[in-house]
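Produce the entire structure from the sequences given, and follow the hints as far as they go.
So the chains spell out like this:
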Amino acid sequence: MKVTIVDYNSGNISSVINSFKEVAKDKVNIEVTSDLGKIKSSDKLVLPGQGSFKSCVDALNKIDGLTETLNEFAINNKKPLLGICVGLQMFADVGYEETETKGLGWISGRVSKIDNQNGKYKLPHIGWNQINIIKDSKIFKDIKNNSHMYFVHSYEFVPNDNSVIVATTDYSSNIVCSVEKENIFGTQFHPEKSDKIGLKIIDNFINL
Amino acid sequence: MLKNRIIPCLDVKNGRVVKGINFVDLKDAGDPVEQAKIYSDGGADEICFLDITASNENRDTIYDVVERTSKKCFVPLTVGGGVRSIDDINKLLNCGADKVSINTAAVENPKVVLDSSKKFGSQCIVVAIDAKKNGDKWEVFTHGGRNNSRIDALEYAKKMEDSGAGELLVTSMDRDGTQIGYDVDLMNKIASKVNIPLIASGGVGNLDHLVDGIKLGNASAVLAASIFHYGKHSVREAKEYLDSKGIPVRI
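Residue numbers (the working numbering), protein chains in the order written: chain V, 1 to 208; chain Z, 1 to 251.
Hint data in this document are derived by calculation from the structure and do not stem from the laboratory. It is possible that part of the hints are untrue.
As the list claims (entries may be wrong) - Each computed BS3-like pair below joins lysine-lysine, with the alpha-carbon atoms no more than 30 Å apart:
id	chain 1	residue 1	chain 2	residue 2
1	V	Lys25	V	Lys54
2	Z	Lys189	V	Lys113
3	V	Lys138	Z	Lys72
4	Z	Lys158	V	Lys54
5	V	Lys196	Z	Lys72
6	V	Lys27	Z	Lys72
7	Z	Lys72	V	Lys144
8	V	Lys138	Z	Lys71
9	V	Lys196	Z	Lys71
10	Z	Lys37	V	Lys25
11	Z	Lys189	V	Lys54
12	Z	Lys72	V	Lys62
13	Z	Lys72	V	Lys120
14	V	Lys27	Z	Lys37
15	V	Lys40	Z	Lys189
16	Z	Lys71	V	Lys200
17	Z	Lys19	V	Lys113
As the list claims (entries may be wrong) - Computed far set for chain Z versus chain V, every beta-carbon distance over 10 Å:
id	residue
18	Lys19
19	Gly96
20	Glu167
21	Tyr241
22	Arg250
Keep in mind it's a predicted model, so treat the numbers as computed, not measured. All residues carry an ideal CB built from backbone N, CA and C; glycine is no exception.
Structural data, given as structure tokens:
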């Protein structure tokens, strides 16, 4: 099996690479590339993302044919894909960080700034927060409800259809922190930085 | 609920830990990677390396340390000390650092903070402020505390937030190394001035000081070095203590 981490200059992805390699050991081949042919021939994709929604979408669009290849992989061929942080946010139709920017439109919804209630809540939302698992998901197999995950973000994904929400976290309001729609999975938190419990989520994804 | 973080900090010089953990099960007490692993296994919410390497020719040692650590520790890793440019930040992130803390360079050239937060995202840019009390205000020092910039720490903190810093790591130079506790007045004043998280540093001598940093100083995270070294307290003990005092921590 081949799991590919899509390298589209979305910022720092070393931690994602290290965690996937740690979990995969020698059993699974972890590739890091922006090569469209290699992405197409993968069994699973990981879409990381750091920085702003706009900078990540711009970086995706800069690589000729990448968006089309991702669409083909996730939407037409329905192969498993995991989006992490801004990688998840890009599933939305539109994001409002920096300026209004069109997303991949895979899961209908928008990405807007977390309401910090006039400064009552610090932003970015940085640190360990507990997740409320509200629906069974394959990537949360053997993960206990209220587990701690590591978050770093100021924007949240607000889907139009609540049935895609797998888990939320409480920060100012109930923030969507994991979604699942058929073969498409996403976490707002960073499993690669969430200690052993985070590695277990990566393991679950690899073993889908 | 978001938990308050406990961040053990290791001083690294020429790729080796200065003032390390004195544990019997350590193979190599000077290896930062082994110590970081002990901390992360013990429940540290983040690990911080402060590179105090003095000479330029040994600067590269930190990259190797970061690279090896990031393959073993799966909690966030912050690296500071001698970070001057976008290029330095890029190299550290590529080696596996999750955040980089900028101190002197941010004072001398605030554009570094602006440019790096734009390029890499605010989430990985921490501005470290070394502050010392002078009368009824605090002044920002640079170059490891040797030079007084005369800049007002509170105004500077706000300016760094506006420049795109994702967090502030505030060290009281009056308290650093004294073990008499954080300057909670300084922490609280800065925390009330900005909307980004504050990490308190400098002066921790016992576990009550960690409680004070959060309760009185309003810090989101507390950083400490010496109380975790030499086995005086483990990270787990610290977290259990904070928990017993009603402070939300990840246990």
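Against the structure, the hints come out as follows:
At roughly 34 Å between alpha-carbon atoms, V:Lys25 and V:Lys54 are farther apart than 30 Å, so this suggested pair is violated. Restraint check for Z:Lys189 and V:Lys113: the C-alpha separation of about 26 Å stays at or below 30 Å, so the hint holds. Note on V:Lys138 and Z:Lys72: the hinted pairing holds, with a Cα-Cα distance of about 26 Å set against a maximum of 30 Å. Distance restraint check for Z:Lys158 and V:Lys54: the Cα-Cα separation of roughly 25 Å lies within the 30 Å cut-off, and the hinted pair is therefore satisfied.
Under the criterion of a C-alpha separation no larger than 30 Å, the hint pairing V:Lys196 with Z:Lys72 is consistent with the structure, at around 11 Å. The hinted pair formed by V:Lys27 and Z:Lys72 meets the criterion: a straight-line CA distance of about 18 Å does not exceed 30 Å. At roughly 24 Å between alpha-carbon atoms, Z:Lys72 and V:Lys144 fall within 30 Å of each other, so this suggested pair holds. Of the supplied pair hints, the one linking V:Lys138 and Z:Lys71 holds, its CA atoms being roughly 26 Å apart against a limit of 30 Å.
For the proposed pair V:Lys196 and Z:Lys71, the alpha carbon gap of about 13 Å is at most 30 Å, so the pair holds. Restraint check for Z:Lys37 and V:Lys25: the C-alpha separation of about 19 Å stays at or below 30 Å, so the hint holds. Using a Cα cut-off of 30 Å, the hinted pair Z:Lys189 and V:Lys54 is violated, with the two alpha carbons roughly 34 Å apart. Simply put, Z:Lys72 and V:Lys62 have alpha-carbon atoms about 33 Å apart, too far for the 30 Å limit, and the pair is violated.
The straight-line distance between the Cα atoms of Z:Lys72 and V:Lys120 is roughly 36 Å, outside the 30 Å bound, and the hint therefore fails. The suggested pairing of V:Lys27 with Z:Lys37 holds, with an alpha-carbon distance near 24 Å, which does not exceed 30 Å. Taking the CA atoms of V:Lys40 and Z:Lys189, the gap is near 54 Å; set against the 30 Å cutoff, the hint is violated. Our distance criterion of 30 Å between C-alpha atoms is met by Z:Lys71 and V:Lys200, whose separation comes to about 16 Å.
Between the alpha carbons of Z:Lys19 and V:Lys113 the distance comes to roughly 42 Å, so the proposed pair goes past 30 Å and is violated. Chain V leaves Z:Lys19 outside its interface by the beta-carbon criterion, the shortest separation being 25 Å against a cut-off of 10 Å. Not every CB of chain V is more than 10 Å from the CB of Z:Gly96 (nearest about 4 Å), against its label as outside the interface. Distance check for Z:Glu167 against chain V: the nearest CB is about 6 Å away, which does not clear 10 Å, and the non-interface claim fails.
With a least CB separation of 17 Å from chain V, Z:Tyr241 remains clear of the 10 Å interface cut-off, as annotated. Once the 10 Å rule is applied to beta carbons, Z:Arg250 is inconsistent with being away from chain V; the minimum gap is 4 Å.
Consistency with the previously given hints fails for numbers 1, 11, 12, 13, 15, 17, 19, 20, 22, ordered from lowest to highest.
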